[in-house]
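Got chain A sorted already, so can you dock chain B onto it with the hints?
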Amino acid sequence: MTKEETAGLETAAKEIRKRTIDAIGFLGVGHIGGALSIADLLAVLYFRAMRVDPAEPRMASRDRLVLSKGHAGPALYGTLALKGFFPEEWLHTLNKGGTNLPSHCDRNKTPGIDMTTGSLGQGISAACGIAYANRMDARDVFTFAIIGDGESDEGMVWEAAMFASHYKLDRLVAFTDNNRMQIDGTTAEIMGLDSPGSDFVAKWAAFGWAAERVPGHDVEAIAAAIDRAKARAAASVANGSVGGGKPTMLILDTVKGKGAAFCEGQVGSHNMNFDYETAKKAIAELG
Amino acid sequence: MATKEMRAVYAETLMELAAKDPRIMVVEADLMKATGTTGFKAAFPERAVNAGVAEANMVGVAAGLAAEGKVPFAATFGCFASRRAFDQFFLSCAYAKLPVKLVGTDPGVSAAFNGGTHMPFEDIGIMRNVPGLDIVEPSDPVSLKGLVQALAVSGRPAYLRLHRKAIEPIYKEGETFELGKGKLLREGKDLVIVALGGIMVAEALKAAALLAADGIEAAVIDALCAKPIDAGLIMDWARRTGAVLTAENHQAATGLGAAVAILLAEEGGVSFARIGIKDEFGEVGTQDWLLGHFGLTAAHVAGGAKALVAKRK
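Residue numbers (my numbering), protein chains in the order written: chain A, 42 to 328; chain B, -13 to 299.
In silico lysine-lysine, BS3-like type, Cα no more than 30 Å apart, as pairs: (1) B:Lys83 x A:Lys124; (2) A:Lys124 x A:Lys150; (3) A:Lys150 x A:Lys55; (4) B:Lys83 x A:Lys150; (5) B:Lys151 x B:Lys6; (6) A:Lys137 x B:Lys83; (7) B:Lys6 x B:Lys(-10); (8) A:Lys321 x A:Lys55; (9) A:Lys150 x A:Lys137; (10) A:Lys124 x A:Lys271; (11) B:Lys169 x B:Lys264; (12) B:Lys167 x B:Lys(-10); (13) A:Lys209 x B:Lys27; (14) A:Lys44 x A:Lys124; (15) A:Lys209 x B:Lys83; (16) B:Lys167 x B:Lys6; (17) B:Lys83 x B:Lys169; (18) B:Lys167 x B:Lys151; (19) B:Lys6 x A:Lys209; (20) A:Lys209 x B:Lys19; (21) B:Lys(-10) x B:Lys151.
Heads up, incomplete: computed chain B residues facing chain A, CB under 8 Å, no partners named: (22) Val35; (23) Ala37; (24) Gly46; (25) Val47; (26) Ala48; (27) Ala49; (28) Leu51; (29) Ala53; (30) Tyr81.
None of these hints come from the bench; they were simulated from the model.
From the three backbone atoms N, C-alpha and C, an ideal C-beta is built for every residue, glycine too.
With the rest of the complex left out, here is chain A (with noise of 0.2 Å):
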């Protein structure tokens, strides 16, 4: 990747950021320590991994993406917002009545969203038809799956994680959101899923997957892994074998409300009040 190409998507995260804050900042609560966490993830994703096109946001040769942790969606919708897939002005419409964009994903309210989701494990399930359907149909697109650290207590996570491999879903590339927080504390207090000795990597490698750790807020290493994820895939149909090899699970570790003072490492930033002032000085704070 050359600098420039680097320094526009660290702008196009910084971006994000601003967007995410205002609008959550403008409402006046909302869930902005796992919205933050994911900026870098949808910048490399919607500013170079993924094939989207705003004018036609179902568009069926398109990338998908099922945003599994929904209560991030105010970060998806102001990645959508930049990308054009709708006027910036909604992102002030957050949660009012009436408004296309709810505080969790909803595909048949907001242009861009592929997948409703709300109810933590679900969208992980979804993510895993949606690769099926698309290979049925023989069409080259991947499906892209974000994920939570405290969702992956959910069962479910883990019985998707089953199928994905049983059916070799290797143009299903998921990542988990590692900021080592939930609701109730750090997930290390609460349920410890990625502690030493038996952590996400070799969960996600046991049940099948290629798995790698990533520093998740580095532009670079995320484009990276995704570019292997890729080639991994690229690498089964030249075998002739299409579909034939591992789902991807990118383990980006990440810091909850990152580039926000107010809220960066907080365990109270899952869901928090913050008035528009601290939003402005935050946005500015960014550059």
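Using the frame of chain A, we list chain B on its own:
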């Protein structure tokens, strides 16, 4: 159509549909042999997805398939379809407006030897909470075929309560069926029995014959759908007879009995009683023993009808 295993009719109908409509799929949770869809898998290997013993993921995967334009029939025992995968069906399928057809097999006492753990008396009640959902329980092989055909093209999610065992035909081949529409099977002036499903419609018809011998003329409606119920047909016969008895292989407090009670309470003016499971869990036993134990036989229906008619008079 001859007496036939309902699961065979279900699978054959899906295979006929699938031959013409590439969107049709089956999704299962290690019960393909029970549901009878192994033939479907042989004919359409890629379109038969087995999720293993993982009902929640089965429904979630079905939602993803539907998001890409497929029409998945996702089947498991009714107890698990409703109790175990309800949130997945509610949110990823119904709320998301994705046309997944969730199929719950072995309704009520037909679970027989699997006993109380596997005996869904509550699945309709659970599913009635889902806004806009079609809830269907065919009464015979002909209505099963017709309603599966209707579900395949409805464009909406649905819950199909599917008997697996053989059931005698009630309808003639070629009868047409519509979601949300019941069928009048017998006219009568003294009361109307509104029955639902593969056991209770047959018991209601037998009960009507018993009642006729005692000089009571019972009309019988096959409800076919528990949501939406056919309010027009039911109210027409409620007004003609002045007395309505519901009969279902399900808790009467939350199933068809509840739906009809609400209709009658809002419309008013008729006597009403319910035959169905009271506030009880399932038991193990033969289906016939269970019918007797839970008060679902033709004699129970006829007894309920007599008491209702006497009260009205």
